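K.L.:
Residues per chain are reported as follows:
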Amino acid sequence: MESQLPAEFVVNVDHEKCRKCKRCVINCSFSAIEFKDKVTPNNRQCVACHRCATFCPENAITITENPLDYKDGYNWSPEIRKNILKQAESGGIILTGMGNPKPYPIYWDHMLLDACQVTNPSIDPLREPMELRTYLGAKPECLDFDGDVSLKTELAPQVKIDIPVVFAAMSYGAISLNAHKALAMAATRMGTLMNTGEGGLHEDIAQYSDRIIVQVASGRFGVTSKYLNSSALVEIKIGQGAKPGIGGHLPGEKVGEDISKTRMIPVGTDALSPAPHHDIYSIEDLSQLIYAIKEATDYKKPVSVKIAAVHNVAAIASGIVRAGADIVMIDGFRGGTGAAPMIIRDHVGIPIELALAAVDDRLRQEGIRNRASILVGGSIRQSADVVKAIALGADACVIGTASLIAMGCRVCQKCYTGNCAWGIATQKPELVRRLNPEVAADRLCNLLTAWGHEIQEVLGSLGINAIESLRGSRERLRGVGLNQETLDILGIKHAGIGQ
Amino acid sequence: MRIDAKGMHYRPLNKKIRDAVTAGEKEFELDNIGGQRYIGDGLNENVKITINGTPGNDLGAFMNGPRIIVNANAQDGIANTMNAGEIIVHGSVGDIIGYGMRGGKLYIKGDAGYRVGIHMKEYKKQIPVIITGGTAGDFFGEYMAGGIMILLGLNGKSPLVGDYVGTGMHGGVIYVRGKVDPYHLGKEVSCLELSEEDTRLIGSYLKEYCEYFGFDYNEVMGGKFTKLVPLSHRPYGNLYVY
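Top to bottom, those sequences are chains A and B. Letter by letter, the first sequence follows residues 1 to 499 of my numbering. Letter by letter, the second sequence follows residues 1 to 242 of my numbering.
None of these hints come from the bench; they were simulated from the model. One thing to keep in mind: the hints can contain errors.
Claimed, not checked - Facing chain B, a subset of chain A residues (Cβ under 10 angstroms, in silico):
#1 A60
#2 T62
#3 Q87
#4 E89
#5 S90
#6 T96
#7 F221
#8 G256
#9 H277
#10 A296
#11 A339
All figures in this text were calculated on a predicted structure; none of them were measured in a lab. For every residue, glycine included, the Cβ atom is placed at its ideal position computed from N, Cα and C.
Next up, chain A with everything else stripped away, as it sits in the complex (with noise of 0.2 angstroms):
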């Protein structure tokens, strides 16, 4: 059927400038730019990416947003007409890629953090000593002492980490190879973690498992006793913020020879990981998985859980809890996918902010939040996030899209198609050579390190000198342009208040 849909985005070529070099076309990988004589753009292939324009010696190429008007109409919004006509040509159920683009509040940006003046004085972190590890794991009730000195209590495995920034669950598959070396490498170097997702862990990373998060989901891939004792962790992932309650498919034009090696399925055929573990139906069931994850690393490996932030998530985190994992990993309805039907990823979940919160008090108000760590994504996007989820109850922050634009990427959204012209979301060999995984891993070292920078002035602001101290302090955090309702959630008070 021939299409009605209106190009999105509009490429515009100053062809005085231009030197007919023709790198641009080279560089499009959505076939948007074509060479007749001219550099002639295809303005509906156009998902505005940037690389032609960042490529361009001559800076003669700018996107701009098509700038052709929809007759007025709040309600039929330009998105929902054209989502009409897409699916009108096709009946297919929309696929999109990355996090949750609505308008839905964004409550990071109604917290404030409290400062130190005067009469408790503050710390400079640029003279005084300023911790930000931290330990992943299941923590003791109490210590029991054996004479003076040696400790009794036998201890849950833990897992250090030098910054509470931990990179997020995308599979080798969803991202490309250079871009997970890369990330491993990163986490090696600034002391954290990196997630294999589902995809089975590529021989070339193995070298880094001490700083891997190996993932056990539904579908299995790549999950053998040799894979989970390659980890600093294990990770059981029930779901994921973008798209709770689905599974996941990796389309069979993605599966080479090189992921086929490393999910252990055969070259060409569709990966797909059932919407739930069929072995896993109840908390009970979840526990026996656990347990028997726990048994083939001979209880030398935290486990981990990672659930979509939901409704019940409270509820659901305390049988967690109790099944026996050591971390909870709770993803909010921002978090991204490399590919989810729009409708999961933009209508379903809950913000992270208030699940968080959510999930804290309820550990809490049943005595047992020292049994698990808890880490959580779902649209962290500055290092004040990551302070404002610690206030609020986390013990560290996870990282996906960030990570992906520290490596490259623009956001455009079309993740899912395979055609990244930056070279992470996609298999084809000519684009994954356009991320130098050396290059990816210093950008990200980078980032971590700027983060690391501006917690460390933040907690030197707020007087103290460990992330540690600061974990569930919601007394430094103020709300503001909130309902009472939403603070109470929240746990804080509104900006105005004192003690």
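Using the hints, position chain B against chain A.
P.N.:
Below, chain B without anything else, positioned relative to chain A:
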């Protein structure tokens, strides 16, 4: 090594087995087993474990090599995500057998419960095989992505298999000794007659199977088999629009 597991929790039991395997022990006989979970979980060596009694859930989970013989019934989750090895059960088994199993053999003398072989998969020479001597419940081979399942129905019970056989199936093959009514089948499955190659293939596994359990090979092979294969390796390829 012989272990009397009476009243023993699974954790010390499995630790004892793991430690002995590390120390070089090759053969285990476990007596008075009564529901202990995770026996053989994550073991990578080619040891032999004989179980006298009924083992608990997740027998042989993540297992990669051992040979386990169960001289009784067994419970749920056997061979969960198993990579290699052999499990022989001289009795019936519970639900979710062979979930995500990627290699090795699971031979069951009696019946199997629901959700057998869900998301079983294969990779190159690693082809998992599950043979069930009796009948099986619903969702047999759901989401199956590879491997071989053979269902024999030797005890003459009916129906041979429950509903939704091979729903979402996109790889592998199921052989059923007898007829499966179409209403039991998932939408993604087609029914075929056996070729000579199929007969040879199941013959090689069934010969071994019959020897283990003392069934008459010729009688087993004499039955009429149905072959179930997925209609497509990409059942949901056309569901989405970009």
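K.L.:
Against chain B, with CB atoms and a cut of 10 angstroms, does the hint on T62(A) hold up?
P.N.:
violated, 25 angstroms
K.L.:
Return the status of the interface hint for A296(A): holds when the least beta-carbon distance to chain B is below 10 angstroms, violated otherwise.
P.N.:
Because about 3 angstroms separates A296(A) from the closest Cβ in chain B, which is inside the 10 angstroms limit, the hint holds.
K.L.:
Measuring from the C-beta of A339(A) to each C-beta in chain B, is the shortest one below 10 angstroms?
P.N.:
With a minimum Cβ separation of about 8 angstroms from chain B (threshold 10 angstroms), the hint on A339(A) holds.
K.L.:
Take the shortest C-beta to C-beta distance between Q87(A) and chain B; is it under 10 angstroms?
P.N.:
holds, 7 angstroms
K.L.:
Tell me if the interface restraint on T96(A) is satisfied: Cβ within less than 10 angstroms of some Cβ in chain B.
P.N.:
Hint holds; T96(A) Cβ to chain B Cβ min 9 angstroms, cut 10 angstroms.
K.L.:
Hint H277(A) vs chain B: min CB-CB distance below 10 angstroms?
P.N.:
holds, 8 angstroms
K.L.:
Interface hint check: E89(A), Cβ to nearest Cβ on chain B, cutoff 10 angstroms. Holds or violated?
P.N.:
holds, 8 angstroms
K.L.:
Just to be careful: measuring from the Cβ of A60(A) to every Cβ in chain B, is the smallest value less than 10 angstroms?
P.N.:
It is violated, given that the least Cβ distance between A60(A) and chain B is near 29 angstroms, above 10 angstroms.
K.L.:
Please verify that hint: G256(A), Cβ, nearest Cβ of chain B, below 10 angstroms or not.
P.N.:
violated, 14 angstroms
K.L.:
Closer than 10 angstroms between Cβ atoms is the bar; does F221(A) clear it against chain B? Give me holds or violated.
P.N.:
holds, 8 angstroms
K.L.:
Please verify that hint: S90(A), Cβ, nearest Cβ of chain B, below 10 angstroms or not.
P.N.:
holds, 4 angstroms
Comparing the model with each numbered hint stated earlier shows that hints 1, 2, 8 do not hold.
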